[in-house]
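Quick note, the sequences are listed as chains S and F, same order. Heads up, the first sequence is in UniProt numbering, so the first residue is 1 and it goes up one at a time. Heads up, the second sequence is in UniProt numbering, so the first residue is 1 and it goes up one at a time.
These are calculated hints, taken from the structure and not from any lab test. Any given hint could turn out to be false.
[Unchecked claim] As a list, the in silico DMTMM-like pairs of lysine to aspartate or glutamate whose alpha-carbon atoms are at most 25 Å apart: (1) S:Lys206 x F:Asp246; (2) S:Lys305 x S:Glu66; (3) S:Lys305 x S:Asp100; (4) S:Lys376 x F:Glu245; (5) S:Lys305 x S:Asp332; (6) S:Lys206 x S:Asp332; (7) F:Lys2 x F:Glu187; (8) S:Lys206 x F:Glu273; (9) F:Lys47 x S:Asp332; (10) S:Lys376 x F:Asp246; (11) S:Lys377 x F:Asp244; (12) S:Lys377 x F:Asp246; (13) S:Lys377 x F:Glu273; (14) S:Lys377 x F:Asp30; (15) S:Lys376 x F:Asp244; (16) S:Lys343 x S:Asp65.
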Amino acid sequence: MTNPNNATITLVHRARFVDGHGLTIPTFRLLKDDGQLYADAAEPVLDRQQALAMYRSMVATRLLDERMLAAQRQGRISFYLQSLGEEAQAVASAAALAPDDMILAQYREQGALLHRGFTLDQFMNQLFSNEDDLGRGRQMPVHYGCRELNFMTISSPLATQIPQATGYAYGQRLAGEAAVTLCYFGEGAASEGDFHAGLNMAAVLKTPVIFFCRNNGYAISTPASEQFVGDGIASRAVGYGIRTLRVDGADTLAVFEATRQARQLMLEEPQPVLIEAMSYRLGAHSSSDDPSGYRSRAEEERWRKRDPIGRYRLWLGHRGWLNEDEDRRHSDGLRRQILEAMKRAEQKHKPPLESLVEDVYAAVPRHLERQLDRLKKQDAANRKRERA
Amino acid sequence: MKQMNLLQAVNNALDLAMARDDTVLCFGEDVGHFGGVFRATSGLQDKYGNDRCFNTPLTEQGIVGFANGLAAKGLKPVAEIQFADYIFPAFDQLVNETAKFRYRSGNQFNVGGLVVRTPYGGGIAGGHYHSQSPEAYFVHTPGLRVLVPRGPVQAKGLLLAAIDCPDPVIFFEPKRLYRAAVAEVDEGHYQLPLDQAEVVRQGSDITLLGWGAQMEYLLNAAELAEGEGISCEVIDLQSLLPWDEDTVVESVLKTGRLLISHEAPLTGGVGAEIAATVQQRCFLYLESPIARVCGLDTPFPLALEKQYMPDQYKILDAIHATMNF
Chain S
1 MTNPNNATIT LVHRARFVDG HGLTIPTFRL LKDDGQLYAD AAEPVLDRQQ ALAMYRSMVA
61 TRLLDERMLA AQRQGRISFY LQSLGEEAQA VASAAALAPD DMILAQYREQ GALLHRGFTL
121 DQFMNQLFSN EDDLGRGRQM PVHYGCRELN FMTISSPLAT QIPQATGYAY GQRLAGEAAV
181 TLCYFGEGAA SEGDFHAGLN MAAVLKTPVI FFCRNNGYAI STPASEQFVG DGIASRAVGY
241 GIRTLRVDGA DTLAVFEATR QARQLMLEEP QPVLIEAMSY RLGAHSSSDD PSGYRSRAEE
301 ERWRKRDPIG RYRLWLGHRG WLNEDEDRRH SDGLRRQILE AMKRAEQKHK PPLESLVEDV
361 YAAVPRHLER QLDRLKKQDA ANRKRERA
Chain F
1 MKQMNLLQAV NNALDLAMAR DDTVLCFGED VGHFGGVFRA TSGLQDKYGN DRCFNTPLTE
61 QGIVGFANGL AAKGLKPVAE IQFADYIFPA FDQLVNETAK FRYRSGNQFN VGGLVVRTPY
121 GGGIAGGHYH SQSPEAYFVH TPGLRVLVPR GPVQAKGLLL AAIDCPDPVI FFEPKRLYRA
181 AVAEVDEGHY QLPLDQAEVV RQGSDITLLG WGAQMEYLLN AAELAEGEGI SCEVIDLQSL
241 LPWDEDTVVE SVLKTGRLLI SHEAPLTGGV GAEIAATVQQ RCFLYLESPI ARVCGLDTPF
301 PLALEKQYMP DQYKILDAIH ATMNF
């Protein structure tokens with residue numbers, strides 16, 4: 001029996017409260033810790049080139065993160081967010097998309113952008129906010145964005161991209177495009193009003209958007225146990241009437257296959273999907289944070305053993321697709337390229353003074369022209385003072 | 001030309017915009033079949049289908065977030081917030097996202113074409129939560145445009161221009177005038193300039209400045225003052241952000257006096273910003289301090305609404321005080 005409000009009505013005559021814990025959502029996993037497939041698992045359709053490209057993007061993400069975290073410690077950039085332990089989530093999900101699919105990210109998904117072809121120079125220009133930064137030096141490091149690669153510029157306020165993804169996907173559906181939108185966010189962001197607004201609207205308006213939740217256990221220092229009660233984030237999507245899949249976020253093959261199938265579902269019939277990827281944020285939240293103050297080394301060690309790159313490397317090895325010498329040479333070369341790109345970016349100029357008042361509006365309005373004129377005179381006078 | 005009230009002018013503008021450009025979408029709470037609580041979107045769903053004119057769940061932050069995404073995709077969303085009093089759940093999406101999309105992305109992405117329409121202001125016995133004038137919060141936000149039409153002709157011309165504008169616009173509609181203001185309106189597609197104030201009455205003794213529903217009171221006060229031999233120049237600002245400094249300054253240089261009136265509370269209101277700028281640019285020409293006739297620094301009341309609102313008599317008294325300084 002169904003009422004007009006889409007709720008199923010089954011009559012009972014004794015009060016029976018439903019316990020949300022009764023809804024347990026299983027986790028989709030293909031690879032065992034030793035890199036072998038589970039006996040009843042179907043291997044995703046992946047050729048050697050694709051499989052290696054994902055591997056290389058994950059390794060490159062980790063090397064970039066290591067180097068830039070060190071650069072932050074040396075005071076060369078003001079801020080950084082690493083994605084240690086979560087590389088598979090961003091890279092394998094992005095790998096399952098088509099280039100026309102739009103990505104709205106939170107942060108910690110540099111792997112997705114890297115896999116799409118953002119160059120080391122482009123990363124560095126943003127991190128050093130120089131004149132070649134696509135964002136023109138206006139946001140903190142790691143707020144990447146690239147029109148050409150269909151990667152919406154990241155903003156700091158949490159979860160705001162979630163209803164935006166719903167709107168973007170509605171536009172894709174209306175235009176009849178065979179494209180979807182993928183929206184990343186952490187389990188912490190799922191407490192914001194925008195999460196509920198965005199999911200509910202997507203469900204009601206049937207927009208082809210993949211909500212990709214990285215449940216990595218911590219929102220800065222607050223553990224998931226202090227953020228929500230119930231069966232993770234996935235159970236909420238079920239409540240909204242959204243198709244939902246929980247996946248092992250450290251299993252590259254499972255993340256790829258989950259995203260591929262989600263995309264396929266929504267191309268057949270426009271509707272949102274939520275994927276909750278279970279993992280662990282092995283590093284600090286950001287370069288401003290020290291996790292030793294809120295969690296144990298033993299806990300971190302347990303998760304370090306489940307490193308997504310290690311498990312995937314074993315699978316590639318079993319497949320005979322990875323040559324260790326070649327792999328090492330590739331990584332060494334990459335380290336060099338990262339250093340070179342960093343040096344190039346450091347030497348570039350800041351964006352010009354005019355860029356302060358540009359892009360606030362499509363054209364610079366009169367009052368901003370006046371403010372810029374005053375500023376230019378002041379700036380010239382200040383330079384003169386400094387020289388004197 | 002056709003007689004239209006302000007609501008019909010808004011409806012006519014939306015109709016023309018949707019007919020001309022199929023990327024224009026109208027949505028919000030009860031906006032679909034019902035036509036919105038004030039019926040501004042009446043008939044649009046029948047004409048343009050459920051995909052282009054539709055209801056959303058009751059979530060202002062969702063509506064504006066959704067509109068941001070649509071506009072970033074290149075569509076032209078015209079989102080309705082049922083009452084301006086309810087715009088605050090969408091505040092973050094508007095001031096942190098809508099306003100900064102172009103800037104923070106280095107012009108790679110923008111939400112030009114986005115319009116948020118919302119009825120504002122008192123005088124309808126709406127009381128608390130149905131009568132506020134929150135324009136000052138948005139005028140403080142670079143990247144937004146804030147418009148307030150004073151009548152049907154302006155509502156249509158400004159709304160059509162807003163939909164075509166490459167910047168996001170918040171469009172405050174004076175709901176007291178929805179049915180009360182009637183005028184001859186051109187039935188065709190026309191647009192009014194988006195950053196230009198209009199001198200609606202010439203005068204030489206004092207400049208009266210306002211916008212939206214306040215214009216009616218300013219014009220009434222000017223009429224009363226005229227009877228006493230005081231010549232008032234009356235200016236409708238129309239666009240509060242960016243605002244047309246030059247037209248206002250030019251007028252004050254001529255009259256030597258300025259009175260600003262708005263329904264929103266006095267402190268931190270848009271009037272304060274205008275007074276500061278005019279004082280700086282016209283200091284040696286001013287014959288008296290710049291006067292402000294505004295709402296009280298209280299929440300908007302119900303029972304004492306008439307006393308709370310700035311009206312022609314409060315304005316007339318302030319004209320006297322300014323003339324006799």
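Now the hints, each set against the structure:
1. Restraint check for lysine 206 of chain S and aspartate 246 of chain F: not satisfied, since their Cα atoms lie roughly 48 Å apart, outside the 25 Å limit.
2. Proposed proximity of lysine 305 of chain S and glutamate 66 of chain S is supported: the alpha carbons are some 18 Å apart, at most 25 Å.
3. Distance check on the hinted pair: lysine 305 of chain S and aspartate 100 of chain S sit about 36 Å apart at the alpha-carbon level, beyond 25 Å; violated.
4. Proposed proximity of lysine 376 of chain S and glutamate 245 of chain F is supported: the alpha carbons are some 21 Å apart, at most 25 Å.
5. Between the alpha carbons of lysine 305 of chain S and aspartate 332 of chain S the distance comes to roughly 24 Å, so the proposed pair stays at or under 25 Å and holds.
6. Distance restraint check for lysine 206 of chain S and aspartate 332 of chain S: the Cα-Cα separation of roughly 47 Å exceeds the 25 Å cut-off, and the hinted pair is therefore not satisfied.
7. For a cut-off of 25 Å, the pair hint linking lysine 2 of chain F to glutamate 187 of chain F stands: about 7 Å separates their Cα positions.
8. Note on lysine 206 of chain S and glutamate 273 of chain F: the hinted pairing is violated, with a Cα-Cα distance of about 45 Å set against a maximum of 25 Å.
9. For the proposed pair lysine 47 of chain F and aspartate 332 of chain S, the alpha carbon gap of about 63 Å is over 25 Å, so the pair is violated.
10. As the CA atoms of lysine 376 of chain S and aspartate 246 of chain F are separated by approximately 22 Å, the hinted pair is consistent with the 25 Å bound.
11. Simply put, lysine 377 of chain S and aspartate 244 of chain F have alpha-carbon atoms about 24 Å apart, close enough for the 25 Å limit, and the pair holds.
12. Taking the CA atoms of lysine 377 of chain S and aspartate 246 of chain F, the gap is about 22 Å. The hint holds against a cut of 25 Å.
13. For the suggested pair lysine 377 of chain S and glutamate 273 of chain F, the alpha carbons sit about 24 Å apart, so the restraint of at most 25 Å is met.
14. Restraint check for lysine 377 of chain S and aspartate 30 of chain F: the C-alpha separation of about 53 Å exceeds 25 Å, so the hint is violated.
15. Taking the CA atoms of lysine 376 of chain S and aspartate 244 of chain F, the gap is near 23 Å; set against the 25 Å cutoff, the hint holds.
16. Pair hint lysine 343 of chain S plus aspartate 65 of chain S holds up; C-alpha atoms about 16 Å apart against a cutoff of 25 Å.
Consistency with the previously given hints fails for numbers 1, 3, 6, 8, 9 and 14, ordered from lowest to highest.
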